[in-house]
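Take a look at the letters that make up each chain.
Number of protein chains: 2
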Amino acid sequence: MNNFSATYTDQYQLSMAQVYFKKGHKDHTAIFDYYFRKLPYQGGYAIFSGLEDLLEIISKLKFNESDLEFLKLQGFDDEFLKYLKDFRFRGTIYSAQEGDVVFPTRPILQVEANIIEAQIIETILLNLLNFQTLIATKASRIRLVAGDAALLDFGLRRAQATGGFYASRAAMIGGFNGTSNVLAGKEFDIPVSGTMAHSYIQSYDDELEAFRDFAVGRPEDCVLLVDTYNTLKSGVPNAITVAKEMEARGQKLLAIRLDSGDLSYFARQSRKLLDEAGLNYVKIAASNQLDEHVIKSLLEQQAPIDIFGVGTNLVTGDPDGALDGVYKLAFSNGKPRIKISESIFKVTLPHKKQVFRMKDENGKCIGADAIGLSQEEKITEMFHPFEPYKSMDVSKFHQEAILQKVMENGEMLISKRTLKEISDYSLSRLSELPIEYKRFNNPHIYKIGISDRLRDEREKLIKSSKQKL
Amino acid sequence: MNNFSATYTDQYQLSMAQVYFKKGHKDHTAIFDYYFRKLPYQGGYAIFSGLEDLLEIISKLKFNESDLEFLKLQGFDDEFLKYLKDFRFRGTIYSAQEGDVVFPTRPILQVEANIIEAQIIETILLNLLNFQTLIATKASRIRLVAGDAALLDFGLRRAQATGGFYASRAAMIGGFNGTSNVLAGKEFDIPVSGTMAHSYIQSYDDELEAFRDFAVGRPEDCVLLVDTYNTLKSGVPNAITVAKEMEARGQKLLAIRLDSGDLSYFARQSRKLLDEAGLNYVKIAASNQLDEHVIKSLLEQQAPIDIFGVGTNLVTGDPDGALDGVYKLAFSNGKPRIKISESIFKVTLPHKKQVFRMKDENGKCIGADAIGLSQEEKITEMFHPFEPYKSMDVSKFHQEAILQKVMENGEMLISKRTLKEISDYSLSRLSELPIEYKRFNNPHIYKIGISDRLRDEREKLIKSSKQKL
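Heads up: the protein sequence lines correspond to chains Z and U, in order. The first sequence maps to residues 1 to 469 in this note's numbering. The second sequence maps to residues 1001 to 1469 in this note's numbering.
In isolation and in its complexed conformation, chain Z is listed as follows:
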C-alpha cells in the first residue's frame, strides 16, 4: 500500500520546481517546518500520527513513465521532466516521535532538503500527517473516557473513501483495540473483529435459528446482534438460549451487541437477563453514533457496556474535518526566511530549530514547550511569541529535545514499531501531561515560547523586510 506516485501532489509544487530547475536553484537547501495552528475539538492536546507511513512512502516516491507523459501534456519542459525521471527524496527529516502529545504553533517536524524535493513532498506530508493526527487525537479522547472498555473501529463504511484505511491505523495509535477493517488489519497488523449485521438475521425466518447457525458456523469470538426485532423480548432471550447451547459444546458466547434504542437502558436490562441466566461472562457491546461525549455519558450512567464500536465520528474526526497543519519555509539558499502576514499570529519562525519540552524533577510536563535555534542546547528564558513583555524563567527545568533525526539522505533512521508500541508510548506521554490539559471543556492552554535568540532573529528579518516596502 505504500507505493505512491510522486504525482500525489499539487500541481504548483511542480510549477515552482520547474522554475527552480531552470533558474539553477535546484540544489539550494531549504528547511520547512510542519506545524498546526489550532487544536482539534477545542481540546488541550493532539496526538502526532502518520510519521512511519509518511517516511516509508516518501522513501519510495517517484514519477513513472506514464506520470511523465502526463506532465508533458501539462506543458512541463523536457529538461525538467528528465530531472523528474530521476527524482527521489534524498533529504533529512527531524521529527517528534509518532504518538507524542503535540501542541499548536511549534514545529512537529522539519524537512531539510533541496528545495525541489522539499516542495514536491509538501502535499503528501500535509495530507498524511494532518489526517492521522486528527484521528489519533479523536481516538485518544475516546480512550480517555472509556476506561478499560474495549474500543473497536467500525467506521470504514462511512469513512472518506480510502482515507478509512489510514483512519484505522491512527485509531490504534490513539488507544483503540481493534478494527472491523480487514485490509487495514492485514496491512497494519491490527486485531480485526466483527459481529453480524441486521441483514444476516433478516435473511432467516427466525432469529433463534440465525443465532444458532452463527454460533455453529463461526464460533470464534461470536457476538450476537440482539436488536433486529425486539431486544429484550426476543434478541436477548434467544442469545441466552444459544449461549447455553454453546456451553453444552464447551464453547462460550463472547458478547451480545446493542445497536439502537437507549443504550444505557438496554444494556442494564440485558445485563440483568444475562446474569440471571448465569451468563455473567457474556459481554455487552454497543454501537450506534457513538463518540467521546456519548460514551462518557453512558459510563457516567454506569451502563454495563464492555465493548464500544465507534464508526463515523471516529474515522471522519467529526465535528472537525481536518487538522489545519501547514508547511512553512524557514531557511533557503543560505538565508533564514520569514513570511510576514496581515495577522501577527501567522508570522513564521525563521531558521533551523529545536523544540524543548519543560519537565519537573519527576519527569512530569509543566505545560510548556520552548522553541530555540537548532544550535541552542538549553533555553534560559522563554518568551511569548507575540507579546514581548511576557516571559518565563525555564532554567530550572529539565529540557527534552523533541525533534530527532528520523530520515537522512532519504533513508529512514528509525526502526518500525508496532502500533501497540506507538500507542503505549502515546499513553505514557499523555500520562506525563497534567489532567487540566485533558478535560473537554476549556482545557488549560499549553504554553509555547521562543528563545531570546530566535526572537531576535525574527525581529531582524521583520525589520529588514519592512524596510523594503
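Careful: at least some of the hints might be erroneous.
Using 27 Å as the maximum straight-line C-alpha spacing, the simulated DSSO-like pairs for lysine-lysine come out as follows [claimed, not checked]:
(1) Z:Lys-296 <-> U:Lys-1038
(2) U:Lys-1186 <-> Z:Lys-72
(3) U:Lys-1233 <-> Z:Lys-463
(4) U:Lys-1233 <-> Z:Lys-335
(5) Z:Lys-186 <-> U:Lys-1026
(6) U:Lys-1038 <-> Z:Lys-186
(7) Z:Lys-72 <-> U:Lys-1420
(8) U:Lys-1022 <-> Z:Lys-23
(9) U:Lys-1296 <-> Z:Lys-38
(10) U:Lys-1416 <-> Z:Lys-72
(11) U:Lys-1062 <-> Z:Lys-186
(12) U:Lys-1233 <-> Z:Lys-460
(13) U:Lys-1062 <-> Z:Lys-252
(14) Z:Lys-60 <-> U:Lys-1186
(15) U:Lys-1186 <-> Z:Lys-244
(16) Z:Lys-233 <-> U:Lys-1062
(17) U:Lys-1233 <-> Z:Lys-346
(18) U:Lys-1186 <-> Z:Lys-82
(19) Z:Lys-466 <-> U:Lys-1233
(20) Z:Lys-186 <-> U:Lys-1463
(21) Z:Lys-62 <-> U:Lys-1072
(22) Z:Lys-85 <-> U:Lys-1186
(23) Z:Lys-38 <-> Z:Lys-438
(24) U:Lys-1296 <-> U:Lys-1438
(25) U:Lys-1346 <-> Z:Lys-186
(26) Z:Lys-186 <-> U:Lys-1244
(27) U:Lys-1252 <-> Z:Lys-23
(28) Z:Lys-272 <-> U:Lys-1466
(29) U:Lys-1022 <-> Z:Lys-244
(30) U:Lys-1252 <-> Z:Lys-252
(31) U:Lys-1463 <-> Z:Lys-233
(32) U:Lys-1466 <-> Z:Lys-244
(33) U:Lys-1023 <-> Z:Lys-252
(34) Z:Lys-416 <-> U:Lys-1072
(35) U:Lys-1283 <-> Z:Lys-72
(36) U:Lys-1072 <-> Z:Lys-233
(37) Z:Lys-466 <-> U:Lys-1026
If you're looking for bench data, these hints aren't it; they were derived computationally from the structure. On a predicted model such as this, the values are computed, not experimentally measured, just so you know.
Following the hints, complete the assembly by docking chain U onto the known chain Z.
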C-alpha cells in the same frame, strides 16, 4: 487505481459469508437497497456520485493469496477460503444515473446477487458512494452560488488522506472546473491547475524577481500570488510590472491570487490597480477557507473575483463528515424481508422496487418520487411512508423510472462517461428541480411516497413478524 482487494470490507461480512457458505445458503439470491436517511448540509437535495468507480472496482474485486493467508490466521475455514479464492462479484445492479439529484429514504441503487457476494461488497459500496455523494453535493452547492466563476479544488493537503483522490472526482461532478491534484487529474482526466506558494516568494530576497522568474520559467497559465509581503503596496504593483514585461514578450499574465485578508476589499482594490494599468484581462483568483457561504457573501458584495480555489471545506465535506447511507436487505431466499426497528422511521421497505420521479408536462420535477414494486409500471396514488392517511394522486404525471440496470453478471452495462458529461447531466437534472429545493435555509422538503401495493406488502410483513414475538 481501481484494483482493490476484496479485503476492503468489514470482517463481519466474511463471518456472515462463512455461515452462509457452511449452511448451504451461498446461492440464495438477495436484494439490498442503498439509500440515505438525511440530506447533508440541511440542504434540499444531494448529487449521486461514485457509481462508475464502484462498478469498475467491484467488477475486478478479488482475494489474492496473501489475503487468503491472512484470513486463515483470522480463523476462517479452509473450505470457505477455497470458495473465496474464486470469489468474483457476479450480481446485477440497478441504479440511478451518476450525477442525478437524489433524496432521502428512497433507493438510489439496488444490488441483486447471491447473498455472499452482496454482503462482501457492502462496505466498499457504502464507503465509495457515501463519500463521493457527500462531496459532489457540497461542490454543487458551491457551484450554485458561484455563477460563472471558475471553481478549483485545492484540497488535497487537508483531505482525509487518500480520500482526497475521490474528492477531486466528485467535485467535478458537482460542477467544479479543475483541481490542483495531479494524480486525480491524470487518473480521472481532470484539468489540473496551480499557482505558486508563499514559500516560493520567500525563497527569493525580492518579490519582483520571484515573479519575473516564474513568468519566464512557467509562462503557461501564470498566476502570481500577491499577498506574501503587502498585497496593495508590493504584490499587485510587482505583478503589474511583470504583466507588462510579459506583454512585451507577447505573453499574458493569467491572474493574480489573493490568499489572506479581507478578500472583498483586496479584490476590489487590486482590480482597480490592474484596470488602471490597462490589465483588465488579468483575472483575480481568491482562496483561504472558502465555502458556499463565504463565496455567496463575496459575490453579494460584488467582489470582482473570477476564480475561487476551495480546499478543506470542499474535500472533507465540512461541516458534515459523512453521508449516512445504508444498505438494507429487502429480499432473500425467495422471500421479502423487513427490519422492524424501535423507530418507525427506520422500518425498511421489502421487495425488489422501482422509483418513479413525477414530472409535469414540461418535464419539470414536481418535487416527488414514488417507490413501487419493481413490476409496477405506473403509480396512481402515492402514500406517505409512515402516515397512512396522507396520500397524493399522481396519476396525471409523467413518471420516470429512476433505477436502471447498470451491471449484470458482474459486467458493467453502461459505458464510461467523461466527468464533464456526468457534470452536465447533473446540472440538467438540477435545472429540472424547482428553486425552493435549492435554497440553503429551510429548503422545501421533497416528497417521497410509496405505492399502495408496497405499503400493503410492508404491513403484512410487520404484522407477521409482530405475531412471532
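Taking the hints in turn, this is what the structure says about them:
Under the criterion of a C-alpha separation no larger than 27 Å, the hint pairing Lys-296 (chain Z) with Lys-1038 (chain U) is consistent with the structure, at around 26 Å. Between Lys-1186 (chain U) and Lys-72 (chain Z) the CA atoms are separated by roughly 12 Å; this keeps the pair inside 27 Å, and the hint holds. Proposed proximity of Lys-1233 (chain U) and Lys-463 (chain Z) is supported: the alpha carbons are some 16 Å apart, at most 27 Å. Our distance criterion of 27 Å between C-alpha atoms is met by Lys-1233 (chain U) and Lys-335 (chain Z), whose separation comes to about 24 Å.
For the proposed pair Lys-186 (chain Z) and Lys-1026 (chain U), the alpha carbon gap of about 25 Å is at most 27 Å, so the pair holds. Only pairs whose Cα atoms come within 27 Å are accepted, and Lys-1038 (chain U) paired with Lys-186 (chain Z) is rejected, the gap being roughly 33 Å. Distance restraint check for Lys-72 (chain Z) and Lys-1420 (chain U): the Cα-Cα separation of roughly 22 Å lies within the 27 Å cut-off, and the hinted pair is therefore satisfied. The suggested pairing of Lys-1022 (chain U) with Lys-23 (chain Z) is violated, with an alpha-carbon distance near 68 Å, which exceeds 27 Å.
Proximity of Lys-1296 (chain U) to Lys-38 (chain Z) is assessed by CA-CA distance (about 26 Å); at most 27 Å being required, the pair is judged to hold. With a C-alpha separation of about 25 Å, the suggested pairing of Lys-1416 (chain U) with Lys-72 (chain Z) holds against the 27 Å cut-off. With a C-alpha separation of about 15 Å, the suggested pair Lys-1062 (chain U) and Lys-186 (chain Z) falls inside the 27 Å cut-off, and the hint holds. Restraint check for Lys-1233 (chain U) and Lys-460 (chain Z): the C-alpha separation of about 21 Å stays at or below 27 Å, so the hint holds.
A distance of roughly 33 Å separates the Cα atoms of Lys-1062 (chain U) and Lys-252 (chain Z); the hinted pair therefore is violated under the 27 Å criterion. Note on Lys-60 (chain Z) and Lys-1186 (chain U): the hinted pairing holds, with a Cα-Cα distance of about 20 Å set against a maximum of 27 Å. Distance check on the hinted pair: Lys-1186 (chain U) and Lys-244 (chain Z) sit about 58 Å apart at the alpha-carbon level, beyond 27 Å; violated. With a CA separation close to 41 Å, the supplied pair Lys-233 (chain Z) and Lys-1062 (chain U) exceeds the 27 Å bound.
Restraint check for Lys-1233 (chain U) and Lys-346 (chain Z): the C-alpha separation of about 19 Å stays at or below 27 Å, so the hint holds. At most 27 Å may separate the alpha-carbon atoms for a hinted pair to count; Lys-1186 (chain U) and Lys-82 (chain Z) meet this at roughly 19 Å. The straight-line distance between the Cα atoms of Lys-466 (chain Z) and Lys-1233 (chain U) is roughly 11 Å, inside the 27 Å bound, and the hint therefore holds. Restraint check for Lys-186 (chain Z) and Lys-1463 (chain U): the C-alpha separation of about 44 Å exceeds 27 Å, so the hint is violated.
Distance hint between Lys-62 (chain Z) and Lys-1072 (chain U) is unfulfilled; the C-alpha atoms sit about 35 Å from each other, more than 27 Å. Annotation: proposed proximity of Lys-85 (chain Z) to Lys-1186 (chain U) holds, straight-line Cα distance about 17 Å (limit 27 Å). Using a Cα cut-off of 27 Å, the hinted pair Lys-38 (chain Z) and Lys-438 (chain Z) holds, with the two alpha carbons roughly 16 Å apart. Of the pairs offered as hints, the one joining Lys-1296 (chain U) and Lys-1438 (chain U) holds, with about 14 Å between alpha carbons and a cut-off of 27 Å not exceeded.
Taking the CA atoms of Lys-1346 (chain U) and Lys-186 (chain Z), the gap is about 34 Å. The hint is violated against a cut of 27 Å. Under the criterion of a C-alpha separation no larger than 27 Å, the hint pairing Lys-186 (chain Z) with Lys-1244 (chain U) is inconsistent with the structure, at around 58 Å. A hinted pair counts as satisfied when its Cα atoms are at most 27 Å apart, and Lys-1252 (chain U) with Lys-23 (chain Z) qualifies at roughly 21 Å. About 24 Å separates the Cα atoms of Lys-272 (chain Z) and Lys-1466 (chain U), which keeps this hinted pair within 27 Å; it holds.
Of the pairs offered as hints, the one joining Lys-1022 (chain U) and Lys-244 (chain Z) holds, with about 22 Å between alpha carbons and a cut-off of 27 Å not exceeded. With a C-alpha separation of about 75 Å, the suggested pairing of Lys-1252 (chain U) with Lys-252 (chain Z) is violated against the 27 Å cut-off. For the given pair, Lys-1463 (chain U) sits about 16 Å from Lys-233 (chain Z) by alpha-carbon distance, which is consistent with the 27 Å threshold. For the proposed pair Lys-1466 (chain U) and Lys-244 (chain Z), the alpha carbon gap of about 26 Å is at most 27 Å, so the pair holds.
Restraint check for Lys-1023 (chain U) and Lys-252 (chain Z): the C-alpha separation of about 21 Å stays at or below 27 Å, so the hint holds. Restraint check for Lys-416 (chain Z) and Lys-1072 (chain U): the C-alpha separation of about 25 Å stays at or below 27 Å, so the hint holds. Proposed proximity of Lys-1283 (chain U) and Lys-72 (chain Z) is supported: the alpha carbons are some 26 Å apart, at most 27 Å. Our distance criterion of 27 Å between C-alpha atoms is broken by Lys-1072 (chain U) and Lys-233 (chain Z), whose separation comes to about 37 Å.
As the CA atoms of Lys-466 (chain Z) and Lys-1026 (chain U) are separated by approximately 74 Å, the hinted pair breaks the 27 Å bound.
The structure is inconsistent with the numbered hints 6, 8, 13, 15, 16, 20, 21, 25, 26, 30, 36, 37, although it conforms to all the rest.
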